[in-house]
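Asker: First to last, the protein sequences are chains A and B. Going by our numbering, the first sequence opens with residue 6, and the numbers climb by one from there. Going by our numbering, the second sequence opens with residue 6, and the numbers climb by one from there.
Simulated from the structure, these hints should not be mistaken for lab results. Some clues are possibly wrong.
Where chains are identical, the list cannot tell them apart; a pair therefore holds if satisfied intra-copy or between any two copies.
What the hints assert, rightly or not - With a straight-line cut-off of 27 Å between C-alpha atoms, the simulated DSS-like cross-links for lysine-lysine are:
#1 LYS193 with LYS275
#2 LYS272 with LYS22
#3 LYS22 with LYS274
#4 LYS272 with LYS193
#5 LYS168 with LYS101
#6 LYS274 with LYS260
#7 LYS259 with LYS22
#8 LYS275 with LYS302
#9 LYS274 with LYS102
#10 LYS275 with LYS319
#11 LYS299 with LYS314
#12 LYS238 with LYS302
#13 LYS168 with LYS194
#14 LYS319 with LYS101
#15 LYS259 with LYS162
Number of protein chains: 2
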Amino acid sequence: MQTFEEYQSLIQSVIEKEIGHREPVELYDPINYTLTMGGKRLRPLLTLLSCDIFDGNLQDALYPALGLETFHNFTLLHDDIMDQAPIRRGLPTVYKKWDANHAILSGDTMMVMAYDFILNSPKDLLFDIFTIFNKVGREVCEGQQYDMNFETNNNVKLDEYLKMIHLKTAVLLGGSMQVGAIVARTTKKNSQLIYNFGESVGMAFQLQDDLLDAFGNEDVFGKKNGGDIRANKKTYLYLKAMELGSTQQQSELKKLFDIQNGQDDDKVKKVLNIFNDLNIEAETQTLMDHYYDKAMKTLEEINLNQEKKAILVKLAESLMNRDN
Amino acid sequence: MQTFEEYQSLIQSVIEKEIGHREPVELYDPINYTLTMGGKRLRPLLTLLSCDIFDGNLQDALYPALGLETFHNFTLLHDDIMDQAPIRRGLPTVYKKWDANHAILSGDTMMVMAYDFILNSPKDLLFDIFTIFNKVGREVCEGQQYDMNFETNNNVKLDEYLKMIHLKTAVLLGGSMQVGAIVARTTKKNSQLIYNFGESVGMAFQLQDDLLDAFGNEDVFGKKNGGDIRANKKTYLYLKAMELGSTQQQSELKKLFDIQNGQDDDKVKKVLNIFNDLNIEAETQTLMDHYYDKAMKTLEEINLNQEKKAILVKLAESLMNRDN
């Protein structure tokens with residue numbers, strides 16, 4: 006077994022190998038920019054870790070892992086156009102640094118590249134890997150559509166929100182682990198279970214993201230807290246507060262989330278006050294714990310020794326105790 | 006062998022089988038709209054014809070053919086955003102009927118669907134088929150980028166234009182035929198040659214498109230001639246006229262192509278007058294004939310009987326003598 010840092014440096018080296026000068030530069034510059042702007046590299050890490058934990062050949066998992074990272078980065082690139090987001094990972098988005106057309110076409114090309122990277126998987130596994138990848142890829146698009154629908158829907162239910170983050174985030178984390186397991190040629194049961202494990206961890210991961218956005222460490226990337234609040238995003242925190250709040254708190258929250266001026270610090274403060282009054286941080290933590298427990302229950306069923314299970318526990322913990 | 010019409014009805018039936026109600030409707034309605042808005046279905050026809058001509062099993066080619074059509078429709082969907090095109094095939098574009106965000110995300114989903122359709126190819130051929138598809142898919146994106154670059158480049162060379170249409174159009178027609186040949190399990194040589202054949206026919210096809218836009222039958226779809234001229238598109242016709250024209254004609258053309266008002270009938274008339282003075286229609290026809298001859302030379306090398314070669318000749322002729 007290798008360390009998480011070793012997986013990440015493996016990923017880094019294959020990214021560096023694959024980017025480089027290509028023409029037309031107007032197409033490939035935004036791609037190189039996107040692939041080298043960093044990020045947690047979580048999805049390829051999950052693929053490598055999963056492959057390693059089931060005693061697979063890490064070299065066989067490198068390109069599928071790169072494909073998953075490239076796909077994820079492509080979705081961010083296009084999401085940033087749809088959300089008109091100016092900043093990603095502390096840098097201008099492609100949409101902002103170039104324009105929407107460059108972001109559309111570079112994203113499209115990245116998607117083809119993602120498939121092309123995955124095509125470097127062992128040939129006899131291509132069907133199984135692409136089956137997972139296509140299913141998950143489509144679900145991510147569906148999740149993004151639900152997310153956009155929520156912008157104009159003032160009656161989003163908590164379970165609709167959970168379905169949305171399941172599609173938009175959790176399935177890709179599960180799928181990344183499943184692809185690693187397939188490359189390792191473990192049993193069908195194990196590869197399904199590791200998907201379920203990643204899916205549950207993914208739900209907790211996204212809820213943690215919602216929490217960090219409201220209550221996180223402000224120093225990282227110079228990002229200010231409350232971005233979701235400023236953007237009137239109906240996160241779990243907001244929806245839970247709408248559920249638990251008094252009629253007065255509900256109507257105040259509603260009013261605050263009708264304000265379109267994204268720069269209003271006072272608004273963020275007022276919303277956070279309501280969240281605090283309603284104990285929303287602890288409420289969210291409870292749901293995160295639920296998904297964490299679910300992941301741990303799945304882990305029990307996976308056919309792995311205790312030492313390896315401990316690594317998966319460490320992974321889940323590190324994703325739930327992060328500051329960015 | 007089946008007739009071209011029979012191939013097209015096979016494609017139609019597989020499209021109808023695959024579209025239907027899916028959620029979220031905001032994502033799938035634009036996809037169903039796009040896949041059922043018609044068009045020539047040329048790419049899947051090429052795949053089926055090529056498979057049939059090399060004695061393959063047509064059923065094995067149906068889903069790869071559908072994948073190629075879906076990919077093509079995805080590129081049109083995204084191109085229409087980038088070009089801000091309001092009309093496609095006589096109907097409002099997705100970009101216009103919904104909006105840019107719906108067009109981006111529906112397009113992304115169609116691309117995943119394209120890969121998923123192709124995944125229904127015979128398993129042992131997946132690697133070869135995806136290799137072609139990924140190469141061609143990326144080239145189509147590169148071609149679109151060059152096309153966009155040309156909008157702000159006042160010094161486009163004829164050979165740069167030919168490279169652009171090669172990437173944007175010809176390689177996908179070649180690739181569609183090659184995929185059919187691979188499904189038919191013909192020799193590597195045949196499958197490369199049929200790619201070359203489709204590529205040359207594709208160049209002639211695109212030049213014909215340029216010609217039809219300027220000199221075509223105005224009745225079809227109620228489309229008015231001169232759309233490229235109104236949009237100041239540097240087609241082969243324009244670039245050839247710039248090459249052959251006198252200094253005065255060059256500067257007049259340049260001036261006319263600086264006019265941003267897209268509805269100017271007088272402008273179209275003036276440009277067409279210059280094209281006529283310089284015999285641009287015949288000049289373009291000469292280059293089309295060059296590519297047609299190239300396709301015929303390639304055909305000689307393909308290992309097929311005369312009866313089957315005659316069908317490919319008929320195909321090439323029908324693509325060069327069309328009115329839309």
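Asker: Looking back at the hints listed earlier, which ones does the structure fail to meet?
Answerer: 1, 2, 3, 4, 5, 7, 8, 9, 10, 12 and 14
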